[in-house]
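Student: Work out the full structure: start from the sequences and follow the hints.
For our numbering, add 106 to where a residue sits in the sequence shown, where the first one is 1.
Keep in mind that the hints are not guaranteed to be accurate.
As the list claims (entries may be wrong) - Straight line, CA to CA, 20 Å or less: simulated DMTMM-like cross-link-like pairs of lysine to aspartate or glutamate: (1) 295 x 267; (2) 292 x 320; (3) 295 x 125; (4) 292 x 196; (5) 295 x 355.
FYI, nobody ran anything at the bench for these hints, they're computed from the structure. This one's a predicted model, so the numbers in the text were calculated from it and none came from an experiment.
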Amino acid sequence: GKLRGEITIHSPETKAGADDAIHVTTRNVHIRSDRIYTPDAVQFRIGSNHGSGRDLVIRLTPPAKGAKRRMHLGAAQTLELLTIDRLHVEVPGKGLWAPTVEKEPPRETVSDGPARRVPLEVTCQGPFIFNFASRIARFEDAVELMTQAQPDGSSDRMQCELLALHFTGAGETRRDNASSAKAVEKIEKMVATGTPVILNVDSVDVHTRCEQLEYNALTRTVRLDGKQPVWLRHQNRTFDAPWLEYQLDQN
Numbered sequence: 107g108k109l110r111g112e113i114t115i116h117s118p119e120t121k122a123g124a125d126d127a128i129h130v131t132t133r134n135v136h137i138r139s140d141r142i143y144t145p146d147a148v149q150f151r152i153g154s155n156h157g158s159g160r161d162l163v164i165r166l167t168p169p170a171k172g173a174k175r176r177m178h179l180g181a182a183q184t185l186e187l188l189t190i191d192r193l194h195v196e197v198p199g200k201g202l203w204a205p206t207v208e209k210e211p212p213r214e215t216v217s218d219g220p221a222r223r224v225p226l227e228v229t230c231q232g233p234f235i236f237n238f239a240s241r242i243a244r245f246e247d248a249v250e251l252m253t254q255a256q257p258d259g260s261s262d263r264m265q266c267e268l269l270a271l272h273f274t275g276a277g278e279t280r281r282d283n284a285s286s287a288k289a290v291e292k293i294e295k296m297v298a299t300g301t302p303v304i305l306n307v308d309s310v311d312v313h314t315r316c317e318q319l320e321y322n323a324l325t326r327t328v329r330l331d332g333k334q335p336v337w338l339r340h341q342n343r344t345f346d347a348p349w350l351e352y353q354l355d356q357n
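Tutor: What follows is the structure, given as structure tokens:
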């Protein structure tokens with residue numbers, strides 16, 4: 107079938123607190139049993155993250171055997187955009203590269219207000235694919251990841267050819283509680299490839315060049331690899347090596 111004109115597509119959270127609701131606005135949507143697609147411009151939101159682009163395909167789980175012929179759509183498997191303008195990701199705390207161990211604030215400064223978030227902006231010249239089961243966001247071709255400038259003027263920027271952002275919560279069954287909503291919106295791992303991958307993180311004074319970079323945000327471990335030697339500078343330490351695994355300070 108086809109829906110003409112302005113269209114809104116909404117899918118609620120898979121469970122309370124999952125923070126994975128889908129909200130899409132676009133035009134002229136085609137509907138098939140295995141996919142929903144449109145060549146027109148798209149604005150979308152996945153949980154607290156949002157972006158824009160065009161040429162949307164939402165791939166669906168296949169209909170159950172013996173299902174009636176009436177329209178019955180399965181759950182979303184992937185969201186794909188052949189052209190993406192940008193993706194805006196809200197990272198809890200002080201950002202993707204911030205220490206995971208922080209001093210407890212003085213009692214008088216503790217507040218029940220909104221938790222601090224640092225925005226990341228990702229752009230690319232190729233397609234964007236988000237897999238709902240694995241919670242992996244994949245970007246291709248001239249990828250750039252940036253954070254907005256911090257109060258001290260620092261900013262972080264990475265350039266690569268392929269980027270995969272792994273969000274926590276993949277394949278897990280969690281009870282519906284407040285902590286689960288916070289857990290699934292965090293980036294737990296980032297994998298970038300390119301010739302080269304160039305990373306400049308002014309906020310923690312890390313700079314590197316390599317062909318493959320893997321960063322575990324939970325352990326703050328950076329692994330650099332590739333066919334060519336890798337290079338990393340962190341504060342007053344500089345390294346050149348065939349490959350390198352380095353753990354950033356926790357404070």
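Student: Tell me the numbers of any earlier hints that the structure contravenes, in ascending order.
Tutor: none
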